[in-house]
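Going by this note's numbering, the sequence shown opens with residue 1016, and the numbers climb by one from there.
It should be emphasised that the hints constitute simulated quantities derived from the structure, not laboratory data. Heads up, a few of these hints could be off.
[As the list claims (entries may be wrong)] Here are the simulated lysine-lysine pairs, BS3-like style, with alpha carbons at most 27 Å apart:
1. K1074 / K1019
2. K1019 / K1090
3. K1041 / K1090
4. K1224 / K1041
5. K1090 / K1074
6. K1453 / K1428
7. K1041 / K1019
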Amino acid sequence: MSLKPIDTLLVANRGEIACRVMRTAKAMGIQTVAVHSAIDASARHVREADLAVNLGGAKPADSYLRIDALIAAAKASGAQAIHPGYGFLSENAGFARAIETAGLIFLGPPASAIDAMGSKSAAKALMEAAGVPLVPGYHGEAQDVETFRAASNVIGYPVLLKAAAGGGGKGMKVVEVESELAEALASAQREAQSSFGDSRMLVEKYVLKPRHVEIQVFADQHGNCLYLNERDCSIQRRHQKVVEEAPAPGLSAELRRAMGEAAVKAAQAIGYVGAGTVEFLLDERGDFFFMEMNTRLQVEHPVTELITGLDLVAWQIRVARGEALPITQEQVPLIGHAIEVRLYAEDPDNDFLPATGTLALYREANAGPGRRVDSGVSEGDEVSPFYDPMLGKLIAWGENREEARLRLLAMLKETCVGGVKTNLAFLQRVLAHPAFAKAELDTGFIPRHEAQLLPPVSELPAEFWQLAAEAFVQSEAPQQRHDDFHSPWSRNNGLRLGLPAETDLHLSCQNERQVIRLRYAATSTVQLQGETLSVESDGVRQQHLAIRRGDSLYLHYAGELRSIQRVDPIAEVEAGQQHHGGLTAPMNGSIVRVLVEAGQQVEAGAALVVLEAMKMEHSIRAPHAGTVKALYCSEGEIVSEGAVLVELEEISA
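Just need the whole structure built from these sequences, with the hints factored in.
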């Protein structure tokens, strides 16, 4: 077989995976081409590419999901090959066929393999025929609610609804009782249609306390296929992975081999080529059940790379050229332990709702041995409501699991993000939790330990407010001139020229307000040097990171980076309060359904409006029984965070 040349590669994706693929391509001397939507024109993946092509639009359907535009972009830029990344069209057989028809190279499996595994229903039937154990469920063609109701009654509640054509938690709902089935099925079908262009669903028994263990497989065009160990992805929220690690803690060599060989059989049965992942549920007895096969590179592939020393993207490129796999199964390394966390723009204190806005502050962890950051953003970038809210991934390697865990904790503490809410503090709590340290893992980890992982927001101590006030005032002083000894700024003795002997500062943080009175002192125990705020007490000096960005101050205190704003009590207006009883949008998004009309009476908990953001649906529900006084939104409308959607008048007892 003669090797196919690839000297220009188009990456049909965005964010961190686009940056990740381009990094390896450039190292191999390959020119890179980025594609982007209209609102992604200055995104990081565009800045890092050699060439860029504008696809137009904002929503995925108008940009990253346009097969014709992607093929045209490849031809216009001279690319011989297309890497799909993950998500978007990465598991779309039509895309793979279109690339082949255009005479281009697809850095993924054959379209026939995507077809075989692209439908969860068909894949499960295929695995059942091959003798792979399955979770009890319904994977048929009939999609009406009565069929699902009958199947669920046979399976037994709770059940799990899953999109037949996709993954990543999209179109996935747990149904506890029969009365919830119809609404959950309709919502899951809409999510599946929006995310994958396919509303078909399947339903399975919801296995309690399972571990999510997956096998990385790789196959070439010469009939060789091997498995590159496993990953444990049990720490999840909303069925979306949050923490991944390799190898899976406590997995015996015998079980690893059995799962690996089963995964290879699954890949070979469909003529697989390239990188793929076979996902299993592993129960407490050590029995494993096939869930699905992802016919693409996974988000969590870096942990496999760190324990094997292999570059999976480089393997994808070489296999696509026609090269054979460079090692045999017996030569696959397993060195140390690696853990990855996903950094999301989301609000853990508000049911993990996606967050949008400008990254006023973005600072990654320090580089070093055993440390890796795969990111798709930079400071100043916009986080939009149209795409997945993941900002990047932090990955740590150690000679053992504990070394990797502690290294990753240190990386999280060094990471600073401001301007949008993130799950940064939440990730620290997960890694620091005693149960995680003991590797007591299953998919119910987060709900079970919710009290410790999502503690109620408590009042900030007086020391915090005092430090914040000092940092604000000192950051507003003229630039210090350390080269002039006679300058008052060189001594940093608390002198604040132009300020009265006493200064009142109105500050806001975490929905708290405080008025702090600062008094002039000839010397101060609190000093700001650059971005380091030092405070001395009883001869002991503590240091805090204090970063000023515009009107906000970011102060690292008690293990968390907090954003503080200075409030002008005179200019401040009570915006939005004119709508008494108004229910607002929790994030930027589009209205997909309006379920009520003006004058209608509703019960507490009733869904009023369905908002879609970042491919997920969120129901706005009535906090109490009442009458809909007014509607301020319509289906298809794009709304901003905080916009009043429904005015609800409470029914008096």
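We went through each hint and held it up to the structure:
no.	hint	in the structure
1	K1074 / K1019	34 Å, violated
2	K1019 / K1090	17 Å, holds
3	K1041 / K1090	20 Å, holds
4	K1224 / K1041	43 Å, violated
5	K1090 / K1074	23 Å, holds
6	K1453 / K1428	21 Å, holds
7	K1041 / K1019	18 Å, holds
Of the hints listed earlier, those the structure fails to meet are numbers 1 and 4, in rising order.
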